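Novice: Listed below are the residues making up each chain.
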Amino acid sequence: MLLQQVKYLIAKEVKLEMRNKYALGGILLYVVSTVFVSYLSFKQIINPATWNALFWIILLFASINGVAKSFINETKGRLLYLYTLVSPQAVILSKIAYNLVLLSVISALCLFVYTLFVGNIIQDLPLFLTTLLLGSFGFSSLLTMVSAIASKTSNNFTLMAILSFPIMMPLLMVLIKLSKNAIDGLDLWDTNSLLILVFLNVIIITLSYLLFRYLWRD
Amino acid sequence: MESGTQNKTNKIQNVSPSGAGASKYWWKILAVILLLYTIIKGFLGPVPAQPILHESIRNLYFHVPMWFSMMVILFVSVWHSIKYLSKSTIESDIVATQAAHTGMLLGALGLITGSIWAKYTWGAWWVADTKLNGAAITMLIYLAYFVLRGSIDEEQKRARIAAVYNIFAYVMLIVFLMILPRMSDSLHPGNGGNPGFNKYDLDSNMRTVFYPAVLGWILLATWIFTLRVRLEKLKRKTLLND
Chain A
3 MLLQQVKYLI AKEVKLEMRN KYALGGILLY VVSTVFVSYL SFKQIINPAT
53 WNALFWIILL FASINGVAKS FINETKGRLL YLYTLVSPQA VILSKIAYNL
103 VLLSVISALC LFVYTLFVGN IIQDLPLFLT TLLLGSFGFS SLLTMVSAIA
153 SKTSNNFTLM AILSFPIMMP LLMVLIKLSK NAIDGLDLWD TNSLLILVFL
203 NVIIITLSYL LFRYLWRD
Chain B
32 MESGTQNKTN KIQNVSPSGA GASKYWWKIL AVILLLYTII KGFLGPVPAQ
82 PILHESIRNL YFHVPMWFSM MVILFVSVWH SIKYLSKSTI ESDIVATQAA
132 HTGMLLGALG LITGSIWAKY TWGAWWVADT KLNGAAITML IYLAYFVLRG
182 SIDEEQKRAR IAAVYNIFAY VMLIVFLMIL PRMSDSLHPG NGGNPGFNKY
232 DLDSNMRTVF YPAVLGWILL ATWIFTLRVR LEKLKRKTLL ND
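Taken in sequence, the protein lines are chains A and B.
Sequential numbering from 3 applies to the first sequence in the working numbering.
Sequential numbering from 32 applies to the second sequence in the working numbering.
Hints are computed from structural coordinates only; laboratory data are not their basis.
Misleading hints may appear alongside valid ones.
Which bits of chain B does chain A cover? Going by a derived footprint, with three or more residues having C-beta under 8 Å, they are [to be verified]:
hint	stretch
1	186 to 192
2	196 to 202
Label-pair distances were calculated between CB atoms; the ranges are [what the hints assert, rightly or not]:
hint	chain 1	residue 1	chain 2	residue 2	range
3	A	Ala110	B	Leu262	52 to 60 Å
4	B	Ser119	A	Gly79	40 to 48 Å
5	B	Ser146	A	Ile48	29 to 37 Å
6	A	Asn194	B	Ile60	43 to 51 Å
7	B	Trp156	A	Asn194	31 to 39 Å
8	A	Ile74	B	Lys150	55 to 63 Å
9	B	Ser117	A	Ser89	14 to 22 Å
10	B	Ala167	A	Ser106	27 to 35 Å
11	B	Ser117	A	Ile74	26 to 34 Å
12	A	Leu18	B	Lys188	25 to 33 Å
13	A	Ile74	B	Ile121	25 to 33 Å
14	B	Ile143	A	Ala55	26 to 34 Å
DSS-like, lysine-lysine: derived pairs with alpha carbons at most 25 Å apart [claimed, not checked]:
hint	chain 1	residue 1	chain 2	residue 2
15	A	Lys14	A	Lys71
16	B	Lys162	A	Lys179
17	B	Lys188	A	Lys78
18	B	Lys162	A	Lys182
All values derive from a computational prediction rather than experimental measurement.
Ideal placement from N, C-alpha and C gives every residue a C-beta, glycine not left out.
Model the full assembly from the supplied sequences, consistent with the hints where possible.
Specialist: What follows is the structure, encoded as structure tokens:
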């Protein structure tokens with residue numbers, strides 16, 4: 003029942019995204035131009051710490067921009083219509099799943115353009131990609147929830163940033179540490195940090211699942 | 032003196048369902064006694080002579096209890112947010128907000144006392160340290176919570192959405208405070224190879240002040256918080272009467 007609803011809602015999201023492609027194009031262009039700006043200002047980055055930090059900052063802002071619209075663009079009428087048809091859990095889970103796909107695309111593009119311009123210094127690519135995927139997962143679930151909160155307010159884009167930054171810090175710090183390991187090519191996979199990352203994702207999804215039904219009803 | 036005036040206001044307030052009856056203000060007296068004891072014994076009592084800390088070790092009685100009481104008060108805040116979501120009584124919302132405000136006050140005091148302490152022991156007002164980052168994140172989260180509250184006009188909606196954010200943010204904060212110490216070293220005692228206070232600094236003499244101090248500050252924080260709640264309720268009441 004729930005899965006069925008989630009499936010339909012994801013299909014709806016994809017269909018809507020495809021219908022006005024300029025929104026998706028806009029966010030992808032945002033990533034490319036931000037990377038290009040940092041390339042012009044930094045030229046080549048050899049210091050791993052700087053490379054890593056800049057990459058995650060670009061990705062962080064791109065993710066916030068990408069996910070922010072997921073609830074803010076929903077019209078009141080459409081939400082009301084959904085409300086009569088499906089359960090709130092299905093709505094939040096489908097949005098998270100859709101945003102996961104969106105953020106995976108954004109982060110893959112970001113990595114590609116970034117390594118192309120700024121230089122590739124990653125030594126352990128599988129670990130970096132795993133980190134990136136888990137990061138997209140965490141970002142999507144956390145930002146979807148924050149976007150749902152921010153969409154209820156009057157100045158939602160400012161709020162999106164100030165509400166999400168502080169609660170994203172734990173995620174971001176683990177991600178930066180793991181990806182730094184990947185860049186340095188340390189042979190051992192830090193299973194501890196990976197577990198923390200998975201644990202964080204589980205917590206965020208559980209909280210979204212439990213709390214969303216209090217959010218969307220007006 | 033203080034307990035006398037408190038007594039009167041308590042009696043007036045007794046009509047409203049604010050919980051404690053007039054006979055239950057003994058903990059306020061206890062708070063005053065404990066804090067007087069903390070201040071007098073804390074500044075005059077004997078402390079172990081440590082190389083870098085010197086007399087600044089007395090800040091332990093003031094700086095550390097601030098964080099303890101902040102966490103207690105913030106827990107009260109999140110507890111009432113959960114209560115609001117299940118019962119939807121506006122009183123829970125008032126309590127949650129005022130607890131968060133009190134928590135911020137304690138956090139600010141903790142930052143100030145810590146900053147002064149850091150200047151004289153570590154040599155800078157602010158250092159790159161996991162616990163300081165945790166404190167900064169806590170402040171940011173709750174300031175964001177107040178901004179969120181400010182940007183919603185409708186009372187019920189504001190209470191509900193703020194409650195959701197409060198719960199969400201608190202859980203992330205707890206996780207953050209649990210994870211962070213495992214990720215890097217800290218200059219604080221008991222972390223990153225630094226010996227904890229209980230190893231040699233906090234001798235039994237200091238314990239006799241430290242534990243009462245913690246209890247005293249927590250009680251004072253609770254007192255401030257209950258006063259804020261009552262003030263807010265009175266404000267709402269006059270607002271309704273107008």
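Novice: For every hint, state whether the structure bears it out.
Specialist: Each hint, compared with the structure:
{"no.": "1", "hint": "186 to 192", "verdict": "holds (count 3)"}
{"no.": "2", "hint": "196 to 202", "verdict": "holds (count 5)"}
{"no.": "3", "hint": "A:Ala110 <-> B:Leu262: 52 to 60 Å", "verdict": "54 Å, holds"}
{"no.": "4", "hint": "B:Ser119 <-> A:Gly79: 40 to 48 Å", "verdict": "26 Å, violated"}
{"no.": "5", "hint": "B:Ser146 <-> A:Ile48: 29 to 37 Å", "verdict": "36 Å, holds"}
{"no.": "6", "hint": "A:Asn194 <-> B:Ile60: 43 to 51 Å", "verdict": "49 Å, holds"}
{"no.": "7", "hint": "B:Trp156 <-> A:Asn194: 31 to 39 Å", "verdict": "33 Å, holds"}
{"no.": "8", "hint": "A:Ile74 <-> B:Lys150: 55 to 63 Å", "verdict": "44 Å, violated"}
{"no.": "9", "hint": "B:Ser117 <-> A:Ser89: 14 to 22 Å", "verdict": "19 Å, holds"}
{"no.": "10", "hint": "B:Ala167 <-> A:Ser106: 27 to 35 Å", "verdict": "31 Å, holds"}
{"no.": "11", "hint": "B:Ser117 <-> A:Ile74: 26 to 34 Å", "verdict": "28 Å, holds"}
{"no.": "12", "hint": "A:Leu18 <-> B:Lys188: 25 to 33 Å", "verdict": "26 Å, holds"}
{"no.": "13", "hint": "A:Ile74 <-> B:Ile121: 25 to 33 Å", "verdict": "28 Å, holds"}
{"no.": "14", "hint": "B:Ile143 <-> A:Ala55: 26 to 34 Å", "verdict": "30 Å, holds"}
{"no.": "15", "hint": "A:Lys14 <-> A:Lys71", "verdict": "15 Å, holds"}
{"no.": "16", "hint": "B:Lys162 <-> A:Lys179", "verdict": "18 Å, holds"}
{"no.": "17", "hint": "B:Lys188 <-> A:Lys78", "verdict": "15 Å, holds"}
{"no.": "18", "hint": "B:Lys162 <-> A:Lys182", "verdict": "22 Å, holds"}
The structure fails to meet hints 4, 8 from the earlier list, while all remaining hints are met.
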